[in-house]
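Student: In order, the protein sequences belong to chains C and V. Numbering-wise (the numbering used here), the first sequence opens with residue 1 and increments by one. Numbering-wise (the numbering used here), the second sequence opens with residue 1001 and increments by one.
Honestly, the hints are just simulated from the structure, not real lab data. Fair warning: there could be bad hints in the mix.
Stated by the list, open to error - Sample of chain V residues facing chain C (criterion: CB under 10 Å; computed from the structure):
1) Pro-1003
2) Glu-1143
3) Val-1145
4) Gly-1338
5) Leu-1359
6) Tyr-1379
7) Ser-1381
8) Leu-1386
9) Val-1388
10) Glu-1433
11) Met-1503
12) Phe-1505
13) Arg-1506
Unchecked claim - Pairs of lysine to any residue, SDA-like flavour, derived with a Cα cap of 20 Å:
14) C:Lys-105 <-> V:Phe-1378
15) C:Lys-105 <-> V:Val-1388
16) C:Lys-148 <-> V:Trp-1430
17) C:Lys-120 <-> V:Trp-1439
18) C:Lys-105 <-> V:Ala-1393
19) C:Lys-105 <-> V:Val-1447
20) C:Lys-105 <-> V:Gly-1343
21) C:Lys-148 <-> V:Ala-1393
22) C:Lys-120 <-> V:Arg-1382
23) C:Lys-315 <-> C:Tyr-64
24) C:Lys-148 <-> C:Pro-49
25) C:Lys-105 <-> V:Val-1449
26) C:Lys-105 <-> V:Thr-1344
From the three backbone atoms N, C-alpha and C, an ideal C-beta is built for every residue, glycine too.
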Amino acid sequence: MRQVSIAQIFGKLRGGFVSPLALRRMGVLGMNARNVNYIARYNDRDKYPVVDDKLSTKRAAARYGIAVPELIAAFDTQPGRRRVMEVIEPLWQFVIKPARGSGGKGILVIAGRNGDKYVKTSGAEVTALDILRHVSNINSGLYSLGGKPDRVMIEALVDFDPVFDNYSFEGVPDIRVIVFRGFPVMAMLRCSTHASDGKANLHQGAVGVGIDLASGKSCHAVQRGLRVSQHPDTQMPFGELVVPGWRDLVRLAASCYEMTGLGYLGCDIVLDRKRGPLLLEANARPGLAIQIANGVGLRKRLQHIESLDLEQLEKNVEERVAYSMNQFAAGRSD
Amino acid sequence: MSPRAQVYIIAGLLALMGAGLTIYKNIELGFPLLPGEYRTVWTIEAKVRFTADGGPVKAALTLPREQRNMEVLNESFSSSGYGFNIVSEDDEYRAVWSRRSATGSQSLFYQLDVHQTPGAALEQPLDLSTEVQKPFLGAREQEAVRLAIYSLVDSARERSSDTKTFTTQLLIALGDNRNQDRNLIFGYYKDRSLVDVALLMLSAAEIPAHRIRGLYLEDDRRRLDPEDLLEVYDGERWVVFEPHSGSPGVPKNFFIWQRGGKSLLDVEGGRNSRVTFSVISNDVPAREVAMLSTSREKEALVDFSIYSLPIEQQSIFKLILLVPVGALVVVLLRVFVGIRTSGTFMPVLLAVAFIETRLITGLSIFVLILVLGLWVRFYLSRLNLLLVARIAAVVVTVVILMGAISVVSYKLGIEQALTVTFFPMIILAWTIERMSIVWEEDGPYEVVVQAGGSLLVAVLAWWVMTNRYVEHWTFNFPELLLVLLGLILIVGNYTGFRLGELMRFRQLVR
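Isolated chain V (complex conformation) (with noise of 0.2 Å):
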């Protein structure tokens, strides 16, 4: 195979290899395709409450299962001189506070970070029972009660083709408040809720059925109690039906804490047991987002990743990731435009420069380096020194030059100056002995010819690299590399003219 082929089999495949793991990661991880990018998390906490009966107190806390469409970032427990534990029981979590002995009133919390994915909120199967425990409505003074139930039954079947659209219809009666039967329930069961007259009313049709206990995720609520779904067998798998509407489905924003019909506190030792729940909304990057989920699911492609490293490398690495965009900018500069710079890849390094000093204060700065450096230079070269000790000399006057520099322009408040620092002074230095052999040798046009050719790469490299887009594709991306290595392969098979040669050979076209 041709080397020509080759390049550009390999510079595909890397290039299908990045922009797949960038795809992977923006779709399957969530991690942001463009800065500034905010999500919802909501904070819900739960608060238990009891007064203590003065012994051993214990309480346990059902806790929300893994959901698909919610993704828990964080969880925290609060609970001073409780001791704490989390249990495992019946397909469930349950939280544990326990304690010797408490008197009066108590508060535990428990509080989760969520934020909402797309997709379906509920993992089917559920592994509950299917059984039917018929409700008793023998006695006598339930006759009425239990004729009403009975109708509303056989009326809902009748404009019903199956279990779900059963339900649905019954869900419908069950909140017309014009209906007889209905009223004639509820006015027997007065204390009890729409959803435990609804499961009462499956149980009669036979039907499995339990309760969802969950809430509503909306900003800024406070104190409030859990709400009830009611899901629905239908002879193959759980429907889930919220109760006043009677539509099927588990409603949007809707948190699910706990499914099937059992306790979601119980409180051994204390009295008034009750718990509440209170949702914020905040508004976070969408970045930091997407990395609590992964780290919760420990991610390889984030797990063995720079986000491991502490945050100090995290931010060197941020640098260092933008180092390959200006080498592309200094490649396609050299081979689509043949600027002449002095130092192939030295732009590149002012260029880094530049992102710190800012690049006024970076331009302003190289350029006084450089002429002083010159300067002194010129003198240098004057003295007979060995090579090494004559750059050597330099990059002790570059030191000089960037300490005074930084001295004088603090005393006269000029606090930008100080960032002279972030120069890489051996490349200065050498950079000053180049320029100083090109003005012997060529002259001084060739210096400001090579000089300015290499500040406008810089300049260049510079202006790309702080590019708001480009700084967080590097970071958040840095599969990205290999897409940009590929491009760099493809450029260097480039055999075109460069747009300098059209004007230098411009003669040769008569």
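If we strip away everything but chain C, and leave its shape as in the complex, we get (with noise of 0.2 Å):
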């Protein structure tokens, strides 16, 4: 009895510490290892102006038949008021982005109209200065890494497959996967919450949702680091979501490793209801948030990549696909 006190008095002095080698036996993938053994050593550095830019993401992928969301206009100056009326004005509904933006700032969505005014995602009107105000500041580099000036894209928005509707609350649903050298090694599912405002940031409270490789089924859900069973605004239980056409968006993910060259790779990609699934755009530095939604850690299955013979990483996209499909389905001991 005496030593469990304690043991318990210790636990808390340590507050919600755990101990490094812990994770380490978890193969849990820290900041500094993803750096260093992944990202510095995989990624070129000359390759980054690919998933960096947008812009260039939708041109290569567009040259290696990857569906993407439609590109309406682009701006490369600071386009006149005319300009970009000329382009919003036809439009019902529109995304307006950066192409050099980082975490998903600066991403304008318009969900309809409302007379002059313009309807955003939240509900929340805008009008048609505070668009043109919007792409000025883009223009001037706002949201872009170390204030470079940027370009402006407009893009359509994506009819969002219904199948999520009630797994996301004013918010659009996207699918994360890790893509290590060619091969799909995790992925999630990240719904936005009423907590996180609309927006799809785990660290702002959206849920993310680990999705097993092989089905598509979901296998784990973490909302701000606690584990949930129920989305918490819409109580739709996590257990009963699959992605449908989950092969073909895999597939979609691991193309990206030709498209880019990258080898450490996060895509972020989302279902249209008639296109199916479409890269919305592609991580040179994916974040390590998907580790926790899916409850297991990375650096297991990124070694055991690393442990591949020359022969099996040369396979095309199919191959690699069934391989990690079959190598890291949910509930084998990875």
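Assembling the complex is the task here: the two chains are given apart, and the hints tell you how they should meet.
Tutor: Structure follows, in structure tokens:
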């Protein structure tokens, strides 16, 4: 009894910290290890522009036959009021994005119109002037890394597959797949919540749902670091969630390896009602929250891919997808 | 070679180089390793006095030669109305004062600062003749003295094995006032000193010897006459003896002025000449002593360093050299702890500003400017300005705020707030801009987290940078930057977990 109480006191003193050895044993990948062992080693600097500039990503995707949301217009320089209005006037729904924004910053989604006003997904209304200011901000480099002048993209709003409607509150769910040397290694679905203000950022309170690579079924769900079984706003149980067309989605993610040439890659994918999976953007520095969403560490899976021999690494997309789906299925002791 | 191995090798080499230079500067050049070290510097003043006859006057004073255990830091001569020159003569340096005509009592000064360092006093060999001139003791009345001298020499020789022990025995005998022979000799040579007599007897024993003039360095001594030591050639090398105790070796604290028997002072055209010395000790910061002694030796490590810059630039460098330390703190906190800050190295600049403003004042001014600036920025964001214009507007606002804070606090009598000007304005404006974006995109909570993280890092960096040891080391041993560089390289290779991640990933451990 006495020993138990000492352990408890020790646990309290330690706060919410766990031992680094335990994390290592779990195969958790830390930020430093990610930067040194994976990003620095497998991502060549000269290939970053392809993913850092979303316009380049789109161009490359077109070359490789990867489906992306439709680009309506792009402004290289500060456009005049008339030019912007010309583009957005005929549109009912559209998305304005900085080409080099990071972390989803500077994305303005207009889901509809109300007279002169434009309605955001959250229901808030903005005026044409607000939109012009947003375009000007993007051009001036407010959202780009280092404040460099940036380009503005106007994209068609994705016609989201209704399958996730009940799993997302005021926002767009997207699926992040980590692709290592062409092999998909982990996937999660990010569901916005009321607490996350419609954003899909996990640290702001969005729910991260780990997706089983083999089946596309959810295997684990986490909000603010705590395991949940249903969506906090819509009360939908995650246990029943299955991503339709999963294999196509994984294939799309895997083919991004050829497109970008980046060894350690995070692909953000959305599901369109008619077109199926679309590549929203690719990320050369994907975050580590995916481990929390899946309740599994990345390190062992990455090390498994690293241990493959050259012949196996030269497989085509289809073979790699098949290998990963088999190798990294949930419940397998990896 | 793998990049990792390269990092370790380069880091090791850098650290080795930095540490080596530091050790060299400490041991060889005497730069103090710890702040607040003081060294004793002796100021010796030689005063030459004589009565001039009215005609041309020339006074020559032998100057001390370089010695290994005494570092001459500074020399000065004072000789109003006299022409002054230093001449080298037979391995000796002499200060020569000259004047066409002078009458009455004259005083000339020569002053030098020396610092005692560990090491042997004398540098062998000395280029002096080892010839011995036997004393002439032929006259009748000198018969008794001659016998006494030879009797002393013989008994000393009997009780010794070599020149060294012989000299010691002789000096002991000369110090023993119960010895009849000794008393007889001193009775005859009434006006001679102990060293004079000892030299006479050594020449009678055919041992080459001469006198050494010098001073015992003791604090606050005035009007000292030079003291004599005895230097004896033992067949191979010169050995110094203290005449009263008879022990070999130069006594501690003895400053050698002149070796060899030549005159110390020569005055032409004057009478009653005399040279007296005064000694004062000062405690001087060790770094200053090192700087003075190295500047005379033209040590490249010091001569081609920031110390050759004007003092004003040096004080700027004092601050600049602290920046890498701040950067190291940022790196450590980022890599090992994982604190989120706004702008990677912004906290370092803040910390530099805090050094100038003091911590509490700096913190309150920063928070005040940030809050007011954010408030203005929120209004500006509604005016649909272009980004560059908006940031410029924030810069102007920050400047106005700084001016206002200065004036208001000055009127209120809080002078400390005047240091507000040390804040990097552009950085502040950018911080305000970034914070307002973070506020819009991620909410006020994130602003508090990032601003708090930045402040925490800045305060820690400030704390390290104002540490007196760190200040001392960065300025006195800039070579340590190489060590720091090596350390940063190694830290940049760390792939373990951050402290924050131990909490972030805690659910994964079940």
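Student: Are the hints correct? Go through all of them and say.
Tutor: Okay, the hints, checked on the actual structure:
no.: 1; hint: Pro-1003; result: holds (8 Å)
no.: 2; hint: Glu-1143; result: violated (98 Å)
no.: 3; hint: Val-1145; result: violated (92 Å)
no.: 4; hint: Gly-1338; result: holds (7 Å)
no.: 5; hint: Leu-1359; result: violated (28 Å)
no.: 6; hint: Tyr-1379; result: violated (14 Å)
no.: 7; hint: Ser-1381; result: holds (8 Å)
no.: 8; hint: Leu-1386; result: holds (6 Å)
no.: 9; hint: Val-1388; result: holds (6 Å)
no.: 10; hint: Glu-1433; result: holds (8 Å)
no.: 11; hint: Met-1503; result: holds (5 Å)
no.: 12; hint: Phe-1505; result: holds (5 Å)
no.: 13; hint: Arg-1506; result: holds (5 Å)
no.: 14; hint: C:Lys-105 <-> V:Phe-1378; result: holds (18 Å)
no.: 15; hint: C:Lys-105 <-> V:Val-1388; result: holds (19 Å)
no.: 16; hint: C:Lys-148 <-> V:Trp-1430; result: holds (14 Å)
no.: 17; hint: C:Lys-120 <-> V:Trp-1439; result: holds (19 Å)
no.: 18; hint: C:Lys-105 <-> V:Ala-1393; result: violated (23 Å)
no.: 19; hint: C:Lys-105 <-> V:Val-1447; result: holds (15 Å)
no.: 20; hint: C:Lys-105 <-> V:Gly-1343; result: holds (16 Å)
no.: 21; hint: C:Lys-148 <-> V:Ala-1393; result: holds (19 Å)
no.: 22; hint: C:Lys-120 <-> V:Arg-1382; result: holds (18 Å)
no.: 23; hint: C:Lys-315 <-> C:Tyr-64; result: holds (17 Å)
no.: 24; hint: C:Lys-148 <-> C:Pro-49; result: holds (14 Å)
no.: 25; hint: C:Lys-105 <-> V:Val-1449; result: holds (18 Å)
no.: 26; hint: C:Lys-105 <-> V:Thr-1344; result: holds (19 Å)
In the structure shown, a violation is registered for the earlier hints numbered 2, 3, 5, 6 and 18, in ascending order.
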